[in-house]
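Engineer: These are the residues of each chain, in order.
Number of protein chains: 2
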Amino acid sequence: MNEKIKWLRDKISRMDMQGMIVSNPVNIRYLIGVEAEGVLLLTRKENIYITDSRYIEKVNKMLTIDDEIIVTNITDVSKDDYENFFMFCENVGFEENYLTYAKYKKYKQQYRINNFVETENLIEKQRMIKDETEIEKIKKACSITDDCFTYLKSYIKKGMTEKQIAKEIENFFIQNGAEGVAFDTIVASGENSSMPHAVPTDRKIMSGDIITIDFGCKYKGYCSDMTRTIFIDFVQDYIKPVYDLVLKNQNLTLKEYYDGANVRILSKMVDNDFKLNHFNLIHALGHGVGLETHEEPIISSRRGDFLLRENMVVTDEPGIYISGKFGVRIEDTVLITKKGAQTLTNSSKDYIIINTNN
Amino acid sequence: MNEKIKWLRDKISRMDMQGMIVSNPVNIRYLIGVEAEGVLLLTRKENIYITDSRYIEKVNKMLTIDDEIIVTNITDVSKDDYENFFMFCENVGFEENYLTYAKYKKYKQQYRINNFVETENLIEKQRMIKDETEIEKIKKACSITDDCFTYLKSYIKKGMTEKQIAKEIENFFIQNGAEGVAFDTIVASGENSSMPHAVPTDRKIMSGDIITIDFGCKYKGYCSDMTRTIFIDFVQDYIKPVYDLVLKNQNLTLKEYYDGANVRILSKMVDNDFKLNHFNLIHALGHGVGLETHEEPIISSRRGDFLLRENMVVTDEPGIYISGKFGVRIEDTVLITKKGAQTLTNSSKDYIIINTNN
Numbered sequence: 000m001n002e003k004i005k006w007l008r009d010k011i012s013r014m015d016m017q018g019m020i021v022s023n024p025v026n027i028r029y030l031i032g033v034e035a036e037g038v039l040l041l042t043r044k045e046n047i048y049i050t051d052s053r054y055i056e057k058v059n060k061m062l063t064i065d066d067e068i069i070v071t072n073i074t075d076v077s078k079d080d081y082e083n084f085f086m087f088c089e090n091v092g093f094e095e096n097y098l099t100y101a102k103y104k105k106y107k108q109q110y111r112i113n114n115f116v117e118t119e120n121l122i123e124k125q126r127m128i129k130d131e132t133e134i135e136k137i138k139k140a141c142s143i144t145d146d147c148f149t150y151l152k153s154y155i156k157k158g159m160t161e162k163q164i165a166k167e168i169e170n171f172f173i174q175n176g177a178e179g180v181a182f183d184t185i186v187a188s189g190e191n192s193s194m195p196h197a198v199p200t201d202r203k204i205m206s207g208d209i210i211t212i213d214f215g216c217k218y219k220g221y222c223s224d225m226t227r228t229i230f231i232d233f234v235q236d237y238i239k240p241v242y243d244l245v246l247k248n249q250n251l252t253l254k255e256y257y258d259g260a261n262v263r264i265l266s267k268m269v270d271n272d273f274k275l276n277h278f279n280l281i282h283a284l285g286h287g288v289g290l291e292t293h294e295e296p297i298i299s300s301r302r303g304d305f306l307l308r309e310n311m312v313v314t315d316e317p318g319i320y321i322s323g324k325f326g327v328r329i330e331d332t333v334l335i336t337k338k339g340a341q342t343l344t345n346s347s348k349d350y351i352i353i354n355t356n357n
Numbered sequence: 000m001n002e003k004i005k006w007l008r009d010k011i012s013r014m015d016m017q018g019m020i021v022s023n024p025v026n027i028r029y030l031i032g033v034e035a036e037g038v039l040l041l042t043r044k045e046n047i048y049i050t051d052s053r054y055i056e057k058v059n060k061m062l063t064i065d066d067e068i069i070v071t072n073i074t075d076v077s078k079d080d081y082e083n084f085f086m087f088c089e090n091v092g093f094e095e096n097y098l099t100y101a102k103y104k105k106y107k108q109q110y111r112i113n114n115f116v117e118t119e120n121l122i123e124k125q126r127m128i129k130d131e132t133e134i135e136k137i138k139k140a141c142s143i144t145d146d147c148f149t150y151l152k153s154y155i156k157k158g159m160t161e162k163q164i165a166k167e168i169e170n171f172f173i174q175n176g177a178e179g180v181a182f183d184t185i186v187a188s189g190e191n192s193s194m195p196h197a198v199p200t201d202r203k204i205m206s207g208d209i210i211t212i213d214f215g216c217k218y219k220g221y222c223s224d225m226t227r228t229i230f231i232d233f234v235q236d237y238i239k240p241v242y243d244l245v246l247k248n249q250n251l252t253l254k255e256y257y258d259g260a261n262v263r264i265l266s267k268m269v270d271n272d273f274k275l276n277h278f279n280l281i282h283a284l285g286h287g288v289g290l291e292t293h294e295e296p297i298i299s300s301r302r303g304d305f306l307l308r309e310n311m312v313v314t315d316e317p318g319i320y321i322s323g324k325f326g327v328r329i330e331d332t333v334l335i336t337k338k339g340a341q342t343l344t345n346s347s348k349d350y351i352i353i354n355t356n357n
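Chains as they are written, first to last, in numbering that gives the first Met the number 0: chain A, 0 to 357; chain B, 0 to 357.
What the hints contain is simulated information worked out from the structure, not anything from laboratory work. Any given hint could turn out to be false.
Heads up, the list lumps identical chains together, so a pair's fine if it works in one copy or across two of them.
[Stated by the list, open to error] DSBU-like, lysine-lysine: derived pairs with alpha carbons at most 35 Å apart:
{"#": "1", "residue 1": "K5", "residue 2": "K267"}
{"#": "2", "residue 1": "K10", "residue 2": "K44"}
{"#": "3", "residue 1": "K102", "residue 2": "K124"}
{"#": "4", "residue 1": "K107", "residue 2": "K136"}
{"#": "5", "residue 1": "K57", "residue 2": "K152"}
{"#": "6", "residue 1": "K136", "residue 2": "K337"}
{"#": "7", "residue 1": "K102", "residue 2": "K219"}
{"#": "8", "residue 1": "K348", "residue 2": "K57"}
{"#": "9", "residue 1": "K78", "residue 2": "K239"}
{"#": "10", "residue 1": "K78", "residue 2": "K156"}
{"#": "11", "residue 1": "K57", "residue 2": "K105"}
{"#": "12", "residue 1": "K267", "residue 2": "K105"}
{"#": "13", "residue 1": "K138", "residue 2": "K254"}
{"#": "14", "residue 1": "K104", "residue 2": "K337"}
{"#": "15", "residue 1": "K102", "residue 2": "K348"}
{"#": "16", "residue 1": "K104", "residue 2": "K124"}
{"#": "17", "residue 1": "K10", "residue 2": "K104"}
{"#": "18", "residue 1": "K348", "residue 2": "K274"}
Note that the coordinates shown come from a computational prediction; the quantities given were computed from them, not determined experimentally.
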């Protein structure tokens, strides 16, 4: 049987569940490598993936006999089948953070489940710790992202729009072996940079601009995430202290990212240093990266104590935003090791000044 | 007050609800035009949009005083505020098809809600009927899609990969005023066309190929959706009867798409004609198109009786798939009027043969 399914069966059995319904498609992809619409059932003896005729052929191509997964067309599942899947199961797990209230009610009735039990993100938590093949894929995604940044330094010119630069990033990714962007690229120039989640506009790049570029790609399903804040022709004097403060805290965080570090204390530390300088850390200091760009753990002082562990991949991305004026964010994707943090994105974080007068 | 919010307030009041929590971001965009992460509360007297600091500035730029929406940063909402929002509300509505089970439990407790009531897709149902400005946007998206198809007929050459063609479609959309693709473009050639949801591969286009292209763009938030099945150099004889059968049923459906038509009977009709020819209609005959590519109504014989209404925008997309061999799908986006169906995508549905020998 597929190793990850074996792990999950063992895990739920120790939680006194005799079955589980997995419905989060990212978790299904993690467990059995399948990208489709469907539901994965772990019954007492079998693993059953119920999908529909649009996907049957594709799914059968993806799975091998060793996976021990029975692929079923939803139209072939009778009322009796539903009622038999979890017969003699006292407790059946479900994903309370994914399943809608309507589906919860429907499943409970359709499958005749006695106790439908919350599983507290157990698969998402397992996904936090990456294995070797996962790390390799993330490394590759990060290296394509670094290459893209190198390319951007010679590509960006005065008069280009934010949209144009965002589009070029996507083209670069696809031409360099990635599947595409991992998330909507942020290219926020001038005063637009004060919005952490700015959408690229038709604003044209000018001399003296600050530009925040937050971008990442997908490689074999796995994501990268990097932000650099760069400058056109020169760095405005009033920006320097803010940039320096963000960079100082980004580097400080890197030093403190090791197996066993408490992320609540870490983000508190950055927030305190920002406050000393009359700023605030208005978003999370970081987040996990894997099959999703944003996944567990969320590195924030609001989430309570949580310890980083070896082979987690997380971001380190402090930022300061001055409403209507400008913003600075610097972000790396980082692998946690026994010895500390290993940055997977390695583009320079010194002032990057693009000289457009040549 | 914003007209759509006025409508919603009136609607829930007639359902004996004194408040509602709207959490589906597409519904929020429909109601107040805002694209961000947050929750919209309709309390007894106020409309409150709770978001976080990443979006506050952006949201404030989007809303005007006439909207009568109070924008609040989630960090400024105290425990007491939560408990006061729905004080004296006997029934508070929620979106059971969007809210997760975990959030349902959390909200019920956090807001101290007595009766948390399912609202049965009331906003999604309202979204089915498009107003004039919505129809104009969908028309524009469809016209860009038609233009793209015209362009593709001269662009596609032997030796190109499916991925390359899909990429060019996206580029065309962006260069011609669309925001981008409305959904992942399907370019499925040769035997790949037998999978209704094929993902573009590196397979190269050859003489004699059949290619299914399912594509659409977004214009000011609104989607288009069109499929054409085309041929390289010539049409294989064994494909013709299948193509003709699909096209016949696509045109038949168009004739039957009018205000008052029962979609269950319509899809049954197509399925019956397919069965007479030893095929099956394995997916829905169509679906609503608007802010989402796939939205209500779903046009399928499995959904029970449902009548089309004036100003619905839906697709008409029968398809036949022969496992491991090939598939044919033909799809238009269609506006339902009092007088019948008005196709918004108007590219030819005759055999489109791309001659690559020139």
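Engineer: Run every hint past the structure and note whether it holds.
Structural biologist: Verification of the supplied hints:
no.: 1; hint: K5 x K267; in the structure: neither (39 Å within a copy, 43 Å between copies)
no.: 2; hint: K10 x K44; in the structure: within (15 Å within a copy, 49 Å between copies)
no.: 3; hint: K102 x K124; in the structure: both (23 Å within a copy, 19 Å between copies)
no.: 4; hint: K107 x K136; in the structure: neither (38 Å within a copy, 41 Å between copies)
no.: 5; hint: K57 x K152; in the structure: between (41 Å within a copy, 28 Å between copies)
no.: 6; hint: K136 x K337; in the structure: within (20 Å within a copy, 55 Å between copies)
no.: 7; hint: K102 x K219; in the structure: both (31 Å within a copy, 32 Å between copies)
no.: 8; hint: K348 x K57; in the structure: between (44 Å within a copy, 27 Å between copies)
no.: 9; hint: K78 x K239; in the structure: neither (67 Å within a copy, 39 Å between copies)
no.: 10; hint: K78 x K156; in the structure: neither (63 Å within a copy, 50 Å between copies)
no.: 11; hint: K57 x K105; in the structure: within (27 Å within a copy, 38 Å between copies)
no.: 12; hint: K267 x K105; in the structure: between (43 Å within a copy, 26 Å between copies)
no.: 13; hint: K138 x K254; in the structure: within (20 Å within a copy, 54 Å between copies)
no.: 14; hint: K104 x K337; in the structure: neither (44 Å within a copy, 38 Å between copies)
no.: 15; hint: K102 x K348; in the structure: neither (47 Å within a copy, 39 Å between copies)
no.: 16; hint: K104 x K124; in the structure: both (25 Å within a copy, 21 Å between copies)
no.: 17; hint: K10 x K104; in the structure: both (25 Å within a copy, 25 Å between copies)
no.: 18; hint: K348 x K274; in the structure: within (23 Å within a copy, 64 Å between copies)
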